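Knowing the structure of chain E, use the given hints to seat chain F on it.
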Amino acid sequence: MRTKRVAWILGLFLSGAANAQLATDLANSKVPNALERMQSADLQTREAGFDELMTELSSEVQNQTNPHEPSEVYPCFSSSIRIKPNQSN
Amino acid sequence: MFFKQHPDQAESVKLGLIQLLGKENETFMGKSVPPGTYSEEDMEHYAQVIEAVSELNDGRALPALIGAMTTGGIATGGILRFGDKALGPVLEQLKNPDGMVRARALAIAVTILKAANNDVSRTRIKDLLRSSLRDTDASVRTEAVMLIECRDERQEFVPVLQDLAKNDPERFPGKTDDGVDSDWYYPVRVQARRVLRDIENNKTCKP
Numbered sequence: 001m002r003t004k005r006v007a008w009i010l011g012l013f014l015s016g017a018a019n020a021q022l023a024t025d026l027a028n029s030k031v032p033n034a035l036e037r038m039q040s041a042d043l044q045t046r047e048a049g050f051d052e053l054m055t056e057l058s059s060e061v062q063n064q065t066n067p068h069e070p071s072e073v074y075p076c077f078s079s080s081i082r083i084k085p086n087q088s089n
Numbered sequence: 090m091f092f093k094q095h096p097d098q099a100e101s102v103k104l105g106l107i108q109l110l111g112k113e114n115e116t117f118m119g120k121s122v123p124p125g126t127y128s129e130e131d132m133e134h135y136a137q138v139i140e141a142v143s144e145l146n147d148g149r150a151l152p153a154l155i156g157a158m159t160t161g162g163i164a165t166g167g168i169l170r171f172g173d174k175a176l177g178p179v180l181e182q183l184k185n186p187d188g189m190v191r192a193r194a195l196a197i198a199v200t201i202l203k204a205a206n207n208d209v210s211r212t213r214i215k216d217l218l219r220s221s222l223r224d225t226d227a228s229v230r231t232e233a234v235m236l237i238e239c240r241d242e243r244q245e246f247v248p249v250l251q252d253l254a255k256n257d258p259e260r261f262p263g264k265t266d267d268g269v270d271s272d273w274y275y276p277v278r279v280q281a282r283r284v285l286r287d288i289e290n291n292k293t294c295k296p
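Line by line, the protein sequences are chains E and F. Just so you know, we're using our numbering here: the first sequence kicks off at 1 and counts up by one. Just so you know, we're using our numbering here: the second sequence kicks off at 90 and counts up by one.
Heads up, a few of these hints could be off.
[To be verified] Residues from chain E that keep clear of chain F, each with C-beta distances beyond 10 Å, as calculated: (1) 30; (2) 58; (3) 59.
[Claimed, not checked] Part of the chain E face toward chain F, derived, beta carbon under 7 Å: (4) 35; (5) 38; (6) 43; (7) 47.
[Unchecked claim] Each pair of labels, with its calculated beta carbon distance range: (8) 40(E) <-> 123(F): 48 to 56 Å; (9) 33(E) <-> 152(F): 25 to 33 Å; (10) 125(F) <-> 42(E): 45 to 53 Å; (11) 252(F) <-> 45(E): 29 to 37 Å.
Calculated from the structure, these hints are not laboratory results. Please read all numbers here as calculations on a predicted model, not as lab measurements. We put the beta carbon where it would ideally sit given N, CA and C, even for glycine.
With the rest of the complex left out, here is chain E (with noise of 0.2 Å):
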């Protein structure tokens, strides 16, 4: 199991600490295919398509912000979240 800080990720996400330039990224990014999936019928194509949403948007808000990913959870958000272990790695 690997740790992933949803809140986190929503938290810089959507308080525009990610630059401009992200949501290039974020168009050119798996995120428009993570948000089709997450609209399917079947459980499991839900649950691939939000893991590779959080996956995505992790990975290009610390491009985009910081290299390193943090090695406690943002002070910003209390709340840190275990999910499975992505298949596809």
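For chain F alone, kept in the frame of chain E given last:
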């Protein structure tokens, strides 16, 4: 900054997550789901989606968060962030046919109203508690009894608590520690007796 410059990207992510929670509420909270249908990983996924949507702090997420409110603190926390704005939709859930949903809605509504801390909100809390003590579902009555414990005006509820302590009909096979109810366990009566004892002893509540 990001929203202003690229609202379409942020919007698509937000709406995608909100819609996903709506779907997962249907999947995991549906009445026809037998225990053991979903794996631990599936449940973890549901928890993550609830957490993600709670973090959005977007009013459009409120119906989906309310749909998940019986899951626990993360969804509840997301709802409470909206404060008064959430009160109407939460109160609507007191009409929900599911007793667990009504019990949770009662607890959240009381929390929201407590924050207002004025005469109107206090009266409204008392009315909600009184009507919930007569709910057809024992989980709602139990929730109301426990909420009364932490009210300043709990003394006013002593007569109705005494009635519940003696006459509430919900029961299961089993015995309580105090042995009052012979061979049956009456969950509402047990809670009512406990709260009555605490009131009598001026014991402060444990919210």
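Each hint, compared with the structure:
1. Residue 30(E), annotated as away from the interface, keeps every beta carbon of chain F farther than 10 Å; the closest lies near 12 Å.
2. Its beta-carbon lying about 12 Å from the closest one in chain F, residue 58(E) satisfies the requirement of being farther than 10 Å from that chain.
3. At the 10 Å boundary, the C-beta of residue 59(E) stays outside the reach of chain F, the nearest C-beta of that chain being 14 Å off.
4. Look at residue 35(E): its Cβ gets to within about 4 Å of chain F, closer than 7 Å, so that hint holds up.
5. Annotation: residue 38(E) was flagged as interfacial toward chain F, and the flag holds, the nearest CB pair being 5 Å apart, inside 7 Å.
6. Because the smallest distance between the Cβ of residue 43(E) and any Cβ of chain F comes to about 6 Å, under 7 Å, the interface hint for this residue holds.
7. Of the supplied interface hints, the one on residue 47(E) holds, with its beta-carbon coming within about 5 Å of a beta-carbon of chain F, less than 7 Å.
8. Hint check: residue 40(E) to residue 123(F), Cβ distance near 23 Å, so the stated range 48 to 56 Å is violated.
9. Checked against the hint of 25 to 33 Å, the pair residue 33(E) and residue 152(F) passes, with Cβ atoms roughly 27 Å apart.
10. Checked against the given bound of 45 to 53 Å, the beta carbons of residue 125(F) and residue 42(E), roughly 19 Å apart, lie outside it.
11. The given range of 29 to 37 Å is broken by residue 252(F) and residue 45(E), whose C-beta atoms sit roughly 53 Å from each other.
In summary, the structure is inconsistent with hints 8, 10 and 11 from the numbered list given earlier, while agreeing with the others.
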